[in-house]
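Undergrad: Protein chains in written order, with numbering that gives the first Met the number 0: chain A, 0 to 226; chain B, 0 to 226; chain C, 0 to 226; chain D, 0 to 226; chain E, 0 to 226; chain F, 0 to 226.
Bear in mind the hints are in silico, worked out from the structure with no lab data behind them. You may find that some hints are simply not true.
[Stated by the list, open to error] Below, computed lysine-lysine pairings styled on DSBU-like, alpha-carbon distance capped at 30 Å:
| hint | chain 1 | residue 1 | chain 2 | residue 2 |
| --- | --- | --- | --- | --- |
| 1 | F | K91 | E | K166 |
| 2 | B | K91 | A | K166 |
| 3 | E | K166 | D | K166 |
| 4 | A | K91 | B | K91 |
| 5 | A | K166 | C | K166 |
| 6 | E | K166 | E | K14 |
| 7 | E | K166 | B | K166 |
| 8 | C | K166 | F | K91 |
| 9 | D | K166 | B | K166 |
| 10 | E | K91 | F | K166 |
| 11 | D | K166 | C | K166 |
| 12 | D | K166 | D | K14 |
| 13 | F | K166 | A | K166 |
| 14 | F | K166 | F | K14 |
| 15 | C | K14 | C | K166 |
| 16 | A | K14 | A | K166 |
| 17 | D | K166 | C | K91 |
| 18 | B | K166 | B | K14 |
There are 6 protein chains.
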Amino acid sequence: MGERILVINPNSTEKVTQGIAEAMAPLRLDGGPEIECVGLEQGPPGIENEGHVAQVTTLIAERIRARDNDCAGFVIACYSDPGIALARETTKKPVLGIAECGMLTAMTLGQKFGVIAILDRSIPRHLRYIGSLGWTDRLAGERAIGLGVTELSDEGRTLTRMIDTAKLLRDQDRADVIVMGCAGMARYRDRVEQAVGLPVVEPTQAAVGMAIGRVRLGWRTRAQMAA
Amino acid sequence: MGERILVINPNSTEKVTQGIAEAMAPLRLDGGPEIECVGLEQGPPGIENEGHVAQVTTLIAERIRARDNDCAGFVIACYSDPGIALARETTKKPVLGIAECGMLTAMTLGQKFGVIAILDRSIPRHLRYIGSLGWTDRLAGERAIGLGVTELSDEGRTLTRMIDTAKLLRDQDRADVIVMGCAGMARYRDRVEQAVGLPVVEPTQAAVGMAIGRVRLGWRTRAQMAA
Amino acid sequence: MGERILVINPNSTEKVTQGIAEAMAPLRLDGGPEIECVGLEQGPPGIENEGHVAQVTTLIAERIRARDNDCAGFVIACYSDPGIALARETTKKPVLGIAECGMLTAMTLGQKFGVIAILDRSIPRHLRYIGSLGWTDRLAGERAIGLGVTELSDEGRTLTRMIDTAKLLRDQDRADVIVMGCAGMARYRDRVEQAVGLPVVEPTQAAVGMAIGRVRLGWRTRAQMAA
Amino acid sequence: MGERILVINPNSTEKVTQGIAEAMAPLRLDGGPEIECVGLEQGPPGIENEGHVAQVTTLIAERIRARDNDCAGFVIACYSDPGIALARETTKKPVLGIAECGMLTAMTLGQKFGVIAILDRSIPRHLRYIGSLGWTDRLAGERAIGLGVTELSDEGRTLTRMIDTAKLLRDQDRADVIVMGCAGMARYRDRVEQAVGLPVVEPTQAAVGMAIGRVRLGWRTRAQMAA
Amino acid sequence: MGERILVINPNSTEKVTQGIAEAMAPLRLDGGPEIECVGLEQGPPGIENEGHVAQVTTLIAERIRARDNDCAGFVIACYSDPGIALARETTKKPVLGIAECGMLTAMTLGQKFGVIAILDRSIPRHLRYIGSLGWTDRLAGERAIGLGVTELSDEGRTLTRMIDTAKLLRDQDRADVIVMGCAGMARYRDRVEQAVGLPVVEPTQAAVGMAIGRVRLGWRTRAQMAA
Amino acid sequence: MGERILVINPNSTEKVTQGIAEAMAPLRLDGGPEIECVGLEQGPPGIENEGHVAQVTTLIAERIRARDNDCAGFVIACYSDPGIALARETTKKPVLGIAECGMLTAMTLGQKFGVIAILDRSIPRHLRYIGSLGWTDRLAGERAIGLGVTELSDEGRTLTRMIDTAKLLRDQDRADVIVMGCAGMARYRDRVEQAVGLPVVEPTQAAVGMAIGRVRLGWRTRAQMAA
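If we strip away everything but chain A, and leave its shape as in the complex, we get (with noise of 0.2 Å):
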């Protein structure tokens, strides 16, 4: 059927659309939505400072316009929500980020979540979003492996700082639950998990799940009730 939640990763890196979609396999039901992942070419390579925040959240913004009249929902592939407010206003159709998405499904997984990003800049930025939530203290803490996301695909080296880090917010902050705090850590989810023993959220795979059942219902947020 017609329905489609669009997924966007906002960043120019194919190889991270590519893990995306892969991550989305068990997410296709045969009468559910089609879900279409796109990467957005005018994208930087990786989200990693406020500028690229900036740049994408106008593309995203634009992609959406684009894409409206075909889409029934949306879902924003970045673990820094980038324009997440402004895709809002931009559609009627139910938008979810993946770092809210993330968070929320790990709080129904644990008490505590801990948060792997990619760079130690990311951090700030990321404690800033989760105190805008209101979740600050379930969060038991955030930590780098110190890669950007072009270096993500560099298997052995991510997946080892992954593990090692996930055992720091297991050990040392004492999560229970681990948020990976970038789309392009997708292929790394089982092996983590199984090398932790903590469930280990992929965020898209979180938000995507949960945008199956919002675009069946499709309840809209008083401003877009009222626009």
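Given chain A, put chains B, C, D, E and F in place with the hints provided.
TA: Then chains B, C, D, E and F, alone, in the frame of chain A:
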């Protein structure tokens, strides 16, 4: 296919179970999981005090145990999420509560959520639960309509009180999204939403909407992984 | 005189009940209330999971009902305060939990309290409870000794682990007061305190110490007043 | 026996000291500690501003020093808990404040407490104190009756205003337990409670009720242990 | 001397820029920094939605880049602090936002601050920002006057609504200090303050008042130091 | 011109007053306010316990009263902000504390601030103060160097310990900005900052930097307005 989500209404009021079952209509996808709604005939007519909570905590666990083999996930359809911790110890399948999912869904639809409770004496229990979830800062307020679960079938009176209460949550407590704080209110969602101009979250829809994705992903809590 | 505080140890391990009874010695005043300590023979040997909590919730309420006529107040002597909300619905007499009283007493003795738990899997339950009480900001941290309730009778091993754990709470988590997170730890209080140089709160003493005054004042909750 | 709790009313209004002494009646146990209530004749008639707080901070410490040899514990009977940190540095005996004990007792009687203050200008000081204790999330609200300490002896006017204020705390701020925010309000407790149908905590009773147990246990703060 | 603080009003309404410039009068010290106020002619007439925020985020960064050589510090004069994170990435000079400085100045003038917003739809954005700053507990409430930025030049209507709103913040929300939540309200400060008897913080004055010292101290963020 | 900010170091250690005066150099603007730094000869050598706090609370108020006619504003230069509430009751001029201004300045420079204290026993007092200000969520941690105020003049030892402590705040507590928790540390700011690569806030500079603007604006608290 064989996947089934079991929605357990822990009270014995069939009308509530029926209302829930009807509310599931938009979430029944062709290739998606079967959504089966059951009431607990040994449960009280409504979960209205701590004795009821304790009673159904055990009943829910028993039911989950009895159905663990033929279900892929469970939703506890009472806004106190009774026995959710025990349920998650009882099965390795995903268990979601309608209060937690109602609230976390609301947090994606507005900055401050208001809750419509059935009775004043439900409110302290809900506040404790919100505190345990760390979401107190997102709560605008909770107000009761002063009707027990079985009285909710009186349509005129219930709808009037729900709308009046939702308006107080909007105007006095400054909520920008409303959560219906009882599974028995499902049938009133659309009319309350239209009357107040705010999104109104029907919590069983919110929970089952999330469960559809979750049963495909199969993530377990730390304790479920270790068991 | 006839006033009596009933201290209910909801587990069936007599050694724990005995340890509690001995810890009551300083609180037995000549003209003060009688302090009677009972175990629940149908309870589990220790409250170590959610199933145990559910089980004793009902048992405690039954015991309170059975003894309501000859007791002036009740203390639930398990650090999960199981069934405290139900107990307060069951009697019009004061009911105090050792977790709540242990923590609030600690908050008069230091700015940040650390908790020594028995098992890692107790900690999420305790954290939820602290959240429901709104006291998360005062918690330095909680750490487990990795011993079940019945294993606490092994003095050497238990004492060593309690001291090591208390030192981590002091040095890593920067607690300035320690709460023992299990009624079965009562006998170790003095030795842990001496070893770490921080005040150590034995929670049943804290609760009964408060109950002595409370049974004289007889204050009731709103629900108890309305019943 | 020789144990004595010294209740220090830091103002010079004898009527307040008398009211406190009378409120102690239910807490005078035959074999329990003597409860001695004293006013500070050099203190102001009421603690109504920061100058008063500073003034009595020193006076209270002097009095504790003077009576340290013949008292087993101290209660500071002013709802600003003036000088409590200094007092705990002055003696190795337990020191409790009526504000802290009033609030923590209230937190065992309801989920949200409301406070009846004497003057509007007391409220910011109380809010800062509640913040320092980390209990802000449990506060429903605080409202003043607009009467100074010495005016509290005007029974008719005071009682009327207290009841009106308590009803606002109940109905507007949704408190389910009330704390009287001045030691001089003690005599009105029963009547306010009956009028509003919520538990009303008289804070000096709450503090002395806790002190009875505390002087038997003798727990010290870290600083008291190190001194 | 050559030190200059650039105050960037990101909207294109000259009247707002003029009002800001006039409000700077008391802060123009003889030997102090020059205070230059500029509007952004490409900006919208007022920052009233998320699209405007996104638009000016980029414009502000461009302007800072263009003026980085001849300015010692920057103030973003819009109460949403649009693009403040990006601005701090764009220059190594101090950047202050009027919302953050308005609120932190208010927190030195009262215990609970109330905010006068222009439009209801600004409030969720402001609440998210306050959450990201961790200051939610200090907020009494925020209320809108229901006028857009360009409508603020209608003096009679604006002043009346600001005073009415400030009184609600004082009497209903119990604020003891008011923050004007739009740079375009500057000219009304004195009259609102006189009418309500609470301190009223004009946020651009607050921010520039802080910037004077900051440009002399030159402290940089971690990222600015590392760049 | 006649405007003067009086910086009151409430201890009697001249070296500390000198260090503060030297730190004021960048803030002495040609046409700006005179910045006069005074110590209190009757004060203790350092404010290191609650007795010292109580003592200087009164002394500071006296000094403010004595200088109220020839000063436009006051800064309390001790990191416990002793007597700040009383000081604001004593004068109608602006009063700023270095702890509050140090922290709020830090909150514009990083997301999580760490504090270097002099002594372990200062920390609970500081934590209570942070709690009263509602800023606990922004605190990364506080750690002491274990030196009293007069020992801070031992340059080698002090600097080494400050750097080591700042590194722990950065690496263990994950602070991204440091606040020096004693006015006597002023001279070490630059060297600590260089050593750790994080911004280091000298709190007297932060407070005086804010006071320059504040004395021009002259905003008063509600109580100052009403007096």
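Undergrad: Would you mind marking each hint as holding or not holding in the structure?
TA: Structure-based check of all given hints:
1. K91/F <-> K166/E: Holds, at roughly 23 Å.
2. K91/B <-> K166/A: holds (23 Å)
3. K166/E <-> K166/D: holds (22 Å)
4. K91/A <-> K91/B: violated (37 Å)
5. K166/A <-> K166/C: Satisfied, since the Cα-Cα distance of roughly 22 Å is no more than 30 Å.
6. K166/E <-> K14/E: Given that 30 Å is the threshold and the Cα spacing comes to 26 Å, the pair holds.
7. K166/E <-> K166/B: holds (22 Å)
8. K166/C <-> K91/F: Violated, at roughly 49 Å.
9. K166/D <-> K166/B: holds (22 Å)
10. K91/E <-> K166/F: OK: K91/E and K166/F at ~23 Å, within 30 Å.
11. K166/D <-> K166/C: violated (48 Å)
12. K166/D <-> K14/D: Holds: K166/D and K14/D sit about 26 Å apart, inside 30 Å.
13. K166/F <-> K166/A: Holds, at roughly 22 Å.
14. K166/F <-> K14/F: holds (26 Å)
15. K14/C <-> K166/C: Given pair K14/C, K166/C holds - Cα atoms ~26 Å apart, limit 30 Å.
16. K14/A <-> K166/A: holds (26 Å)
17. K166/D <-> K91/C: Within the cut-off at roughly 23 Å; holds.
18. K166/B <-> K14/B: holds (26 Å)
Of the numbered hints given earlier, the model fails hints 4, 8, 11; all others are met.
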